Amino acid sequence: MRLSSKVTTLLILAAVIAIAPVFFPSSYYFRVGSLIFVNGLAVTGLVILIGYAGQISLGHAGFAGIGAYACALAPVHLGLHPALAALLGALLSAAIAYLVGRPILRLKGYYLAVASLGFGILVSMVLSNEAQLTGGPDGMAVPELGLRAVLKAIGIDLSNTEFWYAFSGLVLVIGAWLALNLYHSPTGRALRALHGSEVAARTVGVDVAHYKLVAFVISAVYASVSGSLLALQNKFITPDVAGFMHSIEMVTMTVLGGAGSVLGAILGAAILTTLPQVLTIFQEYEQLMLGLVMMLVMIFMREGLLPSIARRIRGRAE
Amino acid sequence: MKFALTTTALALILAAPALADIKIGATISETGPASFLGDPEAKTLKLLVEEINAAGGVNGEKLELVIYDDGGDPNKARTFATRLVEDDEVVAVIGGTTTGTSMAIIPVFEDAEVPFISLAGAIEIIDPVKPYTFKTPHTDRMACAKIFEDMKKNAITKIGMISGSDGFGASMHKQCLSIVGDYGIEVLADETYGPTDADMTPQLTNIKGKEGIQAVLNPGFGQGPAIVTRNYAQLAVGLPLYQSHGVASDGFIELAGAEAAEGVRLPGTALLVAKLLPESDPQRAVVTAYKDAYEKATGKPVSTFGGYAHDALRILVDAITRAGSAEPSDIRDAIEATKGLVGTTGTVTMTAEDHLGLDLSAFRMLQIEKGGWKIVE
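As they're listed, the protein sequences go chains A and B. Reading the first sequence from the start, the letters are residues 67 to 384 in my numbering. Reading the second sequence from the start, the letters are residues 894 to 1270 in my numbering.
Simulated from the structure, these hints should not be mistaken for laboratory data. There may be inaccurate statements among the hints.
[Unchecked claim] Far from chain A, some chain B residues (derived; all Cβ distances over 12 Å):
(1) 949
(2) 1081
(3) 1084
(4) 1094
(5) 1151
(6) 1172
(7) 1215
[Claimed, not checked] To give an idea of the interface, some chain B residues facing chain A are shown, with a C-beta separation under 7 Å as derived from the structure:
(8) 957
(9) 967
(10) 993
Treat the numbers as computed from the prediction; the structure is a model and nothing was measured. For glycine and all other residues, C-beta sits at the position ideal for the given N, C-alpha and C.
For reference, chain B alone in the conformation it holds in the complex (with noise of 0.2 Å):
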């Protein structure tokens, strides 16, 4: 009889659900090469979640959140996200740190009919839209846009291009090049270099030597940019150098020399320039509250690639809340439904032909004044 009794209520302890919390899931390359976007990603989504249970959770229920390092190799990610949607049975995923890995997982949720939000750039992901995908930072196209109205504005007809050839550069570039004539803009030199490459000296001087150029732009993404900042002063071009919104960190200005990289122009988000945004910026309270909590928790300056995951929280959070249920299917319509929501990245309002939600006005062209950012617009 107590045997019985003991293993009845075993058995009921463990058919039990752990109470009616909501579960959501992340792989995130938290390691690896790209780790250096996934740490920050990692620990805001931490951060975010135990906040948003501190302050009650969702609904009145509990987050979950069951993060999975994928060290940034697709086939992992792969095994992650069947694991999340099979074995762990979260609601929604977050994540995909690069494009490789996002695109690589799209077809398991796709397939399991599960909302997942990537944090991840390349326009492929959400072009066409696939009805359980949507991602938060802007597109590679958008910086290219952002950079050549920029252009445009200051009367910038002709220019020089380097860029990186690894998957960050030979995207945007490729982006860049399929807009750059609606802005009337000509490409007269076309240079790249490798990801590892310690000097882009002869590129530079390829470019200095061709006649008629009126400024150089950068597609790239770690060190390469900051080599090519400092290479562009030390031969004295003394065009404008435009840099992409993949070097808009306070580390980029660290690594190319203050006085190299004076005078550089890129595309960045409100994250960046939180302080000197304006009392009525309705992005300011946002961006100072993320970056406030961030750098207290961690210690570390606040990143971009940190504020993509705490837009996808936030649009899912929310998404949640508007839906009064969990369930994945009302998860994406209510996702889908985002209005006005207000992140790190910019002003969110999906549709049904646009997982993405962002326009132009999310970027801000930034210039760099003896070692900080001044807004340029």
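This is chain A alone, in the form it adopts within the complex (with noise of 0.2 Å):
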């Protein structure tokens, strides 16, 4: 029996999310593993836009920025619970996204890069600016997300970084799964469709302005969560979640690895938060690396790490 892509992706993503904790010798690297699934949600996201649409967008850390203070503001002013402070960021943000993302996606290539960019830095100054509400850039404390206790009366003691660990992974495999059922509902056939080329899927039918908007607004939403999660695991946030470099970041990760696909954007996430934690005696040339790694692959690996290093070992087998 042959596997589908989907199922094989998602089991081996499952499987290094169980079995990495094994060769874990302290458990800082739970903490860094969850930051790796934290990225990777956001970058799935970006692999839906980016990937199966072909839209570009530099201002998605604008949404991870208005996840996390959701869950920062919520709480205090409207007594919500964190988890649903999470969900209501992220209908805030899906909200936002459609009422931005209607005149942005108009434009094309860099209009649309940029556009978006301008998006972002505006959600990192408002951060910045309304200081009486949000802190301003030093930051404002987030409530705990209070599931790591409710575990514990039942029996599962975690620590806080264990816990991080297994329920942002826990997150994350449900993103992927939900991002790998979209790229063959018809959809994601659309997305697939006006990426090829607009005007002929406007030929055969598809509403090229809905579905790259259906596009942003769920990238956005997945930008939001992983933006709720990196709070609520922090318990602290600063304006800087919503930065422009974060955008910058995201996008890196999911062209790094592949944009293409959910799991070689997760890998490109991998490397890319690993990086400087490996390298961090060489800290103050970390920005001229990852430059020099985004252009090799740029220029050697067009498709991202893991669709070229699959193509080049399936080659070989056949």
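Starting from the two chains in their separate frames, assemble the complex, guided by the hints.
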């Protein structure tokens, strides 16, 4: 029996998440792992936007910021449970993505990238400047999710880092499952069609503007949930989460690993999240190294790391 | 047999702890937007640890410093903090260059029960008091109090404020407004500017036009206050201008120009005026020694920020010495019992309710005269 690529991807992902802790020498690695999953989730959303629909956004950290600050603000001002606050953040992100997306998705190529960039910077400016609400550049505290205490009550006692490793790993697998399902759905096919050629897609009856907007809204929700997870895990949030560099990082991770492949993009997130930890002695050259890696991948592996390597292996096997 | 011997030997080498070094950690923003704070801090820590080890270490054990550069990113700082506690297993941590990074990593140390000495300004770090969290820089509120005291002495009761909207400016603005009433001073004009603005003439013109203002206060950081000072001189406002401790450095006079900066007052630390301190000053010996060592090692002028790191390490080493132990909980108790320790920012005496341990005497009121500093007290 041959497994579908969807099932294989999910199995690989789940297996890696479940088995990796065996090799962790200390619980610090759980922290790095959970960061990879949080970034991986945002990047999975970008696979839908960049990989499936072929649209570029340089402002997705803005949605991560909305998700993160929803978790910080809603419990304080609306008395919501942090989990509901994350949901509210996702809804808000979707609504904003819809409103912002309608006009800016009419733009193409560089113009779309620049417009989305402007949106991201706007969010981060609001978060920095509305100090009486958001605590300004110094950030603000985020309440405890409380799920760990529930688990403890039923006999599963996890340390903070272990819990967040498991929880964000689970959310990532769900996120990847949804994204892979979308790929094979009619919407996914429509997205891929407009990626190939907008004119051709329109000719065969695909509502191009509508489907672009769908991809933008879905990817915004992914980014928002990833921001919420980060905020709840760190229990403290600053406007950096919505910063320009964070947007760039997300896109870099996606493109590095392979924008067309969920597993590839998550691999990209894994590499770029671990790299600064491995290269602590080269901190000053980190950006330089990232740029170099990026250029090499763009020149020699245009589809991204994983798809290129997979093709090469398959080519050799045949 | 030979194989067994080699593996045993290898296992022994790997298992043996790297002698009984005392491992302390630091996460500092050496690069990124806060590097002008973090760079002297990191240099200071490295320099002092070397110095201490050359003099025989602490309680006969060598200090080992594990230092990471978080680039000013709170999320990165959080990861490095976890790494320091879980992977490097340090006994205490210095760092958190900015308020953002400090606040982001406090939960890690409180959970792991490892003492943490922050190098950031905001009062939120130690108020409310958290058992394992300490800090060395004076708070913005203390700087405000020092400035208002000086205004009161000079019979100034009506002022204008122009603040930066960055983290430092916004925080100090808030703290100043919260205590200004206690000094019988009224704020008649309250203007702000963005951290990258290149001209503050409009805001200053507004302030100048307000009837009855006797002095202007500029809580800010970086290049903003230098521009304010220059514009202030160009507009010939003619009222006393107060700057904050955020710009207490020689670089500020250079940036603003000696002519425009003439007569500007600000609260600064003893470190800035090391050579001007009277012989009888208790801080003189400490600040002169640090200044000379730093300037000799790096070839750069000493900064207040490096002084924060200096004090943090001194407090830590003093605590480990008194505790006679390198257990995190013993170190914590000893830090809290710090008494009369003379640092660059002042004389530190901590209590269970005060994890900063400085009073207003830590600040000196300084005035810029002919491109140099003068103590006015």
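Going back to the hint list, which numbers does this structure go against?
Checked against the structure, the only hint that fails is number 8, while the rest are satisfied.
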